[in-house]
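All chains should be built: construct the whole structure from the sequences, respecting the hints.
Respectively, the protein sequence lines represent chains P and H.
My numbering puts the first residue of the first sequence at 1423, with every later residue one more than the last.
My numbering puts the first residue of the second sequence at 1423, with every later residue one more than the last.
Warning: the hint list may mix true and false statements.
Because identical chains share one entry, a pair is satisfied inside a single copy or across any pair of copies.
Taking lysine to aspartate or glutamate pairs in the EDC-like style, the calculated list, with each CA pair at most 20 Å apart, reads [what the hints assert, rightly or not]:
id : residue 1 : residue 2
1  : K1550     : E1687
2  : K1550     : E1574
3  : K1550     : E1575
4  : K1626     : E1687
Rather than coming from a laboratory, the hints here were simulated on the basis of the structure.
Protein chains: 2
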Amino acid sequence: MIELKSTMDQKYKKIVMKFGGTSMADIDCVYKVADHIERELSNGKLVAVVVSAMAGETDRLIGLADQVGNIELQSERDVIISSGEQVSSAILSMTLNKRNIPARSIQGWQIPLITNSMHGSARISDIKSSHLEKLMEKGIVPIIAGFQGISEENRVTTLGRGGSDTTAVAIACSIDADLCDIYTDVDGVYTSDPRIIPDAQKLKLVSFEEMLEMASQGAKVLQTRSVELAMSYNMPVRVRSTFSENDFENVKNGTNIGTIVTNEEKILEDKVVSGIAYSKSEAKVTIQKLEDKPGIAAEIFGSLANDGINVDMIVQNISADGKHTDLTFTVQETDLRAAKLVIEGLSDSIKYAKLEDSKDIAKVSIIGVGMRSHAGVAAQMFSILAEKGINIQAITTSEIKVSVLIELDHIEKAMRALHSAYELDQN
Amino acid sequence: MIELKSTMDQKYKKIVMKFGGTSMADIDCVYKVADHIERELSNGKLVAVVVSAMAGETDRLIGLADQVGNIELQSERDVIISSGEQVSSAILSMTLNKRNIPARSIQGWQIPLITNSMHGSARISDIKSSHLEKLMEKGIVPIIAGFQGISEENRVTTLGRGGSDTTAVAIACSIDADLCDIYTDVDGVYTSDPRIIPDAQKLKLVSFEEMLEMASQGAKVLQTRSVELAMSYNMPVRVRSTFSENDFENVKNGTNIGTIVTNEEKILEDKVVSGIAYSKSEAKVTIQKLEDKPGIAAEIFGSLANDGINVDMIVQNISADGKHTDLTFTVQETDLRAAKLVIEGLSDSIKYAKLEDSKDIAKVSIIGVGMRSHAGVAAQMFSILAEKGINIQAITTSEIKVSVLIELDHIEKAMRALHSAYELDQN
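So, in structure tokens, the structure goes:
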């Protein structure tokens, strides 16, 4: 892995700084946020800021909207929920102005940040950046309310949970920033979950693709859409902590700040695997002795999809008699009950002996762009698990990821063995 | 006083309905508000709605802004505080849509309602009503966030406390409504304060000018600016209760709903006095044995004005020796300390024997457009008070009002005597 040079931070002249809800939780946190902004400005950076609502505020507003109970009317929910970022952006602007740092809160409609009309999960279609750029040229820091935009119909939209990450990356792209700094409550992306693997190491660099695979595996540091967007526009994103005292020291010598998510070319990776991810929230469903006939899989998985149930892994064994098969698939635990109802509802058209399910499973994944150029990574993973006596119940693979389903009790043993075997505990 | 005909309500085809914070306090209140709107729509009315923030919400937001402590930065405070109306407008819109009544929340920037840039106390300069009118033509009820607008610089402004009344009247004028209905927690304007005068009668009609005099006297039912605006555009405003069960009954026969504030011509008034108002919040300052020389009054009251202290009544007695005088004036109790400091600060340039003050005073006023055509109203008032042995400490008069300063202990006796003498207790 390449070493970050002490001058590295200097090459980022124009930056977007994004602060999440926990970073804006109360006035003391807001002061800390202001410290970060003040430091970057005094280092001569050109800065635009994106903020989330103060922690808990979005949930409070959702609760208020839910009292009315008209959850279908997402357009009005967006008006309610977006007020959280409106307030936090003005609070931060006031704080900066009090320190004689010119700043101004900017709402989605003031940019404007244009989205489609999918209220509650709108996609950004256009950002008119001239207003922001004029402010920055005048030395006024724009404090942009994340998560919100306006539709072509001039109505307020929101981007969905975690949408402020996407706002930050989109703003960074539109003003042609050199870096999008995402300040959060963790100090970077780790080789694995430090609660399970105490030796887990912070990654200095990770590729967009690895980050996407990690996010969907439960390492929820960045909203998936924001990573996709950053990848499309090749916008480097740095994950760093608002609260870690070390950061202020590290900034001086430019080393070891957060994790930079960037394109693969910049990562001169000599490791095949860069991270171990896991998920405990899946459940397994097995249909035993399913009558095997053409179209049966399409019927089952089509019905599940129609009910909005996402299926992750699917394993179908070849039947011994050519007429029957055992079909296993996994869904999110929260969807298990609904999935079983769907299968039971198909009892007229499909024949089977027994429907079984289990929540005592876990998914463990190895992720790394290095896999592309290294053969036999999956086989090596299976043998490491076999050595520890861990049975594999299902397997899925992608270009840069291998996931296996194992018994829940084995998760820590499996992750430690893999972490160590791929030398992720070595700095 | 003219009788309201049973068909009177029918003549108002296009109306603005404004609901204050107590009317929007919680979801049950919002349901009540929706009932009122539903009733008017089913009566064939064309309706636009203006709402305040849910009761307590504006204070909560001010508290949040005050934590930062940058109270000078009113532009960002406006962004914070205006979010209260944003939320309540969307809550009401959701509630109506749930009842299959098409409605849409509208923020100041969406109208747009243009104001000057005096953040925190902005004045409305223009309302583009075409968007609202198009919605109403389509059968969609606009639910307008009161209290807020945008400046020419495209920034959020607020109109000051109680500004939603002004929004409602301004919207009514801009869409050429027939009536602006202000729903509040009282059922109208009374001849006097019912807590002091149990016989106080609800007025059916009151003139704009009387309403202005009453408002400045402490009958704070409508924001003063909203009455001034209604008077300028001759827009009738009705004060009525959101909660009074009677209203729903009264609507059927069109009688006795609230109080209509309208122009003088419509009021065929046979009573000279239409209301008795009072204020307990004033304090009296007396400068004894003040050296009387030219320019002394200008110096004293100029200095008070420079410090932002409003002086209400001024009484100066002619001095016995031609060289000294006693000067008495009243200020708001909250300004008393500052006023005394101003006078004491002038001790180099003005000479006096003693500075005295008292909070044990009250102001009682009789108000009525009928005074214009009736001589001797003030003299009659003084004799009524004299009969009750109440000493008058100071007097001010306007065309439609006479105010006297009396001892605080006498306030109830004075008000009852006047209320009865002017036959306000007779329906």
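Any of the earlier hints contradicted here, and which numbers?
1
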